[in-house]
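S.K.: The residues making up each chain are set out below.
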Amino acid sequence: MSHIDPRIAQMKFANRKPVGNLADPRLRYNYLNREIGTLPPDNREGFRWVSELAYKNIHRIVTRGWCTTELAEAGYGITDFLFVNWQARIPLIEEKAVLDYCMILGLDDGLSNPALIARLIVRGKSYLTQACGGSILAFGHAYASYDSTGQMFTKYVAKVEEGMSLDEAAKLCVKECQKEIHFGISKLYAKDPAPRKLLDFAEKKLSAVSSIKKMAFIPFVNALEKAAKAELGNDVCVDMIGALSACMCDLGFTTDGAWVLMAVTRAIAAGAHGLEEMEREGQDVLGQTLTPKEWYDGPADRPVPSLKERENIAGGQYQTPQEWRAAWLKKMDLKGTGYSVDFVIEDPKKAAMKQHKKK
Amino acid sequence: MDRKPMFQRKTSISYKTEEKTVLRGYNVTEFAEAGYTFIDALFVLFQGRIPAENERKILDYEVAVFMEHSMSPSAVSAIGVMNGHPMLPPAVAAAVSTFGGAHGPGAAHGYMIKKYLDRAFDENKTVEEVARACVDEYMDAGLAVMGMGQPQHIEGDPRAHPLHLKHEELGVTGVYRKFQTALEERFHARRKEEGKGYVGVNVVGAGNTILCDIGFAPYAAWTIGSVSRGWSCACHALHQLKKARAWSASRNEPMVQMLDLSMIKYIGPEDREAPPLSERQEYAKKQLESGEYKRWVL
Chain A
6 MSHIDPRIAQ MKFANRKPVG NLADPRLRYN YLNREIGTLP PDNREGFRWV SELAYKNIHR
66 IVTRGWCTTE LAEAGYGITD FLFVNWQARI PLIEEKAVLD YCMILGLDDG LSNPALIARL
126 IVRGKSYLTQ ACGGSILAFG HAYASYDSTG QMFTKYVAKV EEGMSLDEAA KLCVKECQKE
186 IHFGISKLYA KDPAPRKLLD FAEKKLSAVS SIKKMAFIPF VNALEKAAKA ELGNDVCVDM
246 IGALSACMCD LGFTTDGAWV LMAVTRAIAA GAHGLEEMER EGQDVLGQTL TPKEWYDGPA
306 DRPVPSLKER ENIAGGQYQT PQEWRAAWLK KMDLKGTGYS VDFVIEDPKK AAMKQHKKK
Chain B
44 MDRKPMFQRK TSISYKTEEK TVLRGYNVTE FAEAGYTFID ALFVLFQGRI PAENERKILD
104 YEVAVFMEHS MSPSAVSAIG VMNGHPMLPP AVAAAVSTFG GAHGPGAAHG YMIKKYLDRA
164 FDENKTVEEV ARACVDEYMD AGLAVMGMGQ PQHIEGDPRA HPLHLKHEEL GVTGVYRKFQ
224 TALEERFHAR RKEEGKGYVG VNVVGAGNTI LCDIGFAPYA AWTIGSVSRG WSCACHALHQ
284 LKKARAWSAS RNEPMVQMLD LSMIKYIGPE DREAPPLSER QEYAKKQLES GEYKRWVL
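Protein chains in written order, with our numbering: chain A, 6 to 364; chain B, 44 to 341.
Hint data in this document are derived by calculation from the structure and do not stem from the laboratory. By construction, the Cβ of each residue, glycine as well, lies at the ideal position given by its N, Cα and C atoms. It is possible that part of the hints are untrue.
With a Cα cut of at most 30 Å, we get these calculated DSS-like pairs of lysine-lysine [to be verified]: (1) A/K340 x B/K53; (2) A/K196 x A/K209; (3) A/K355 x B/K337; (4) B/K286 x A/K17; (5) B/K337 x A/K210; (6) B/K47 x A/K130; (7) B/K337 x A/K164; (8) A/K184 x B/K158; (9) B/K328 x A/K218; (10) B/K63 x A/K130; (11) A/K355 x B/K239; (12) A/K61 x B/K308; (13) A/K219 x A/K231; (14) A/K218 x A/K359; (15) B/K329 x A/K210; (16) A/K336 x B/K168; (17) B/K329 x A/K164; (18) A/K160 x B/K337; (19) B/K63 x A/K313.
Sample of chain B residues at the chain A side, in silico, Cβ under 7 Å [stated by the list, open to error]: (20) P48; (21) P129; (22) V215.
The whole structure should be built from the sequences, with the hints applied where relevant.
M.R.: Rendered as structure tokens:
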């Protein structure tokens, strides 16, 4: 085996007695006489943490070339630091103002999923940081779908850049994506002007610096809202995820960057929800919470068969696609098994095209 | 003491009264008293049935060999989190959360097989035919074939082939194993035709195939595999807590620690002075105009 890695030749080998199937000749290599111990180091440079984001030494912490203490002393604040950290640049004053607005709106949302997770976690008398960290996990491709929404916008903004008119691109997006949960246009904010006000604020601010920074996403979302109203009715409008995603993209954040930046923003409020739960409510112990039988719709109560009776139980393997398909459909009846959950495996050609684009 | 649940939900998994806890119809105390094992309970939980003895044995084997994998992303995460001395659970949660597209018993492998078995059913093809098509389509597209290859065990994962043999020995092979076998044959043949080196089956290719053959939906298989790694990662976190120094940066240790300052290799923008606020707008404009910053955006 030394041709695989010459370091193996420096190692000791252990001759073992056969156990189980380990002497089977069908095994890929000889399991009875394998090397023991860890692989010796090779001649490459030793491991180091490579980063283009930040470094520190005994006296200085630097991100993107700037000493963080010097930046703070010069008067830069957290929203500036976010641009520095994520985009390696000092933001325009107008950009900083828009990010501030986005983060204010993204901070709290009432008893939403992240807040509830935080509250549940602290009920176990956990560290508050666990509640904050756990809340971040609520951000997915539906709830707070900055990544999915931003990617959808990016696709149609690219079409505009390729020459399609803004209105045509918006109409196409409505046609192709109106049923997506991350669409960004819905009835959710029909009575709450917050997303519209954010977009108007951002548009006004960024228009002032349009000679050096052109907006693409905010105009697209405005056109999308217009096209959606025409197609779906006047009671739909841009919602919070649509407005925030467009603004974050026009601020130059990547879609996945926006996702996690806003997730951490929300986690701060989750900490407050956790604190309030501690202050106003109680803690739970294992076994405390009951689940009424009336809520249960699984298999009826049944006796546990004896181990002797178990010998008559047959396994559940299927040998043909026909048997397998029938079994899969039947298993969908029992929830909590995973058989009813959709999981789309993309066509390999399409997946490859995406990877190619990414590179 | 308030014993009402915070959420009201219909559930077919379990209920709990003051007298008993019932999982898929079975009183859990009676289940344990009858001599059933934790592994049997996993079948009840995810499938609502008691497994045949051979099915229990193979799941026990699979979970056992998957539990510990030394330095993998999951263990490293547990150790990294524990460096800050939070409570132990966050370190374990982080470890379990590392299982994604590249690490561990991904559900995607099972759903890939499902996709091609659906094709076999819909187009009246054999399992072997669609398995070969799967390999060709992934390799033609330049994509990795799920279930094959492991960056550390370059001769084939030491758990994988024994898992395959145990799968056969216990007589629990089904349509997933038939597919996986045909997939591996085509994969090896094609790499050989193309003059490429050997890439072995990994523990997903072997283990996930077993889990699906014994009736777990790919998502359920993912849960069992990934969370079982959490046990050993909890132990790695404990080791870090009890036997190593917090921060992993001490200069008093005989070995350079992973967070020693010398371990950082910075390749970002050169050191530069912070512009005074009075000049920031002009500075920011120049940065935007030059566009150099774009190469650093994450």
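S.K.: Next step is simple, just say for each hint if it's right about the structure.
M.R.: Going through the hints against the structure:
no., hint, result
1, A/K340 x B/K53, "holds, 10 Å"
2, A/K196 x A/K209, "holds, 22 Å"
3, A/K355 x B/K337, "holds, 27 Å"
4, B/K286 x A/K17, "holds, 28 Å"
5, B/K337 x A/K210, "holds, 22 Å"
6, B/K47 x A/K130, "holds, 18 Å"
7, B/K337 x A/K164, "holds, 21 Å"
8, A/K184 x B/K158, "holds, 24 Å"
9, B/K328 x A/K218, "holds, 9 Å"
10, B/K63 x A/K130, "holds, 26 Å"
11, A/K355 x B/K239, "holds, 25 Å"
12, A/K61 x B/K308, "holds, 10 Å"
13, A/K219 x A/K231, "holds, 21 Å"
14, A/K218 x A/K359, "holds, 28 Å"
15, B/K329 x A/K210, "holds, 18 Å"
16, A/K336 x B/K168, "holds, 23 Å"
17, B/K329 x A/K164, "holds, 28 Å"
18, A/K160 x B/K337, "holds, 19 Å"
19, B/K63 x A/K313, "holds, 25 Å"
20, P48, "holds, 5 Å"
21, P129, "holds, 6 Å"
22, V215, "holds, 6 Å"
Hint check: no violations occur; every hint is consistent with the structure.
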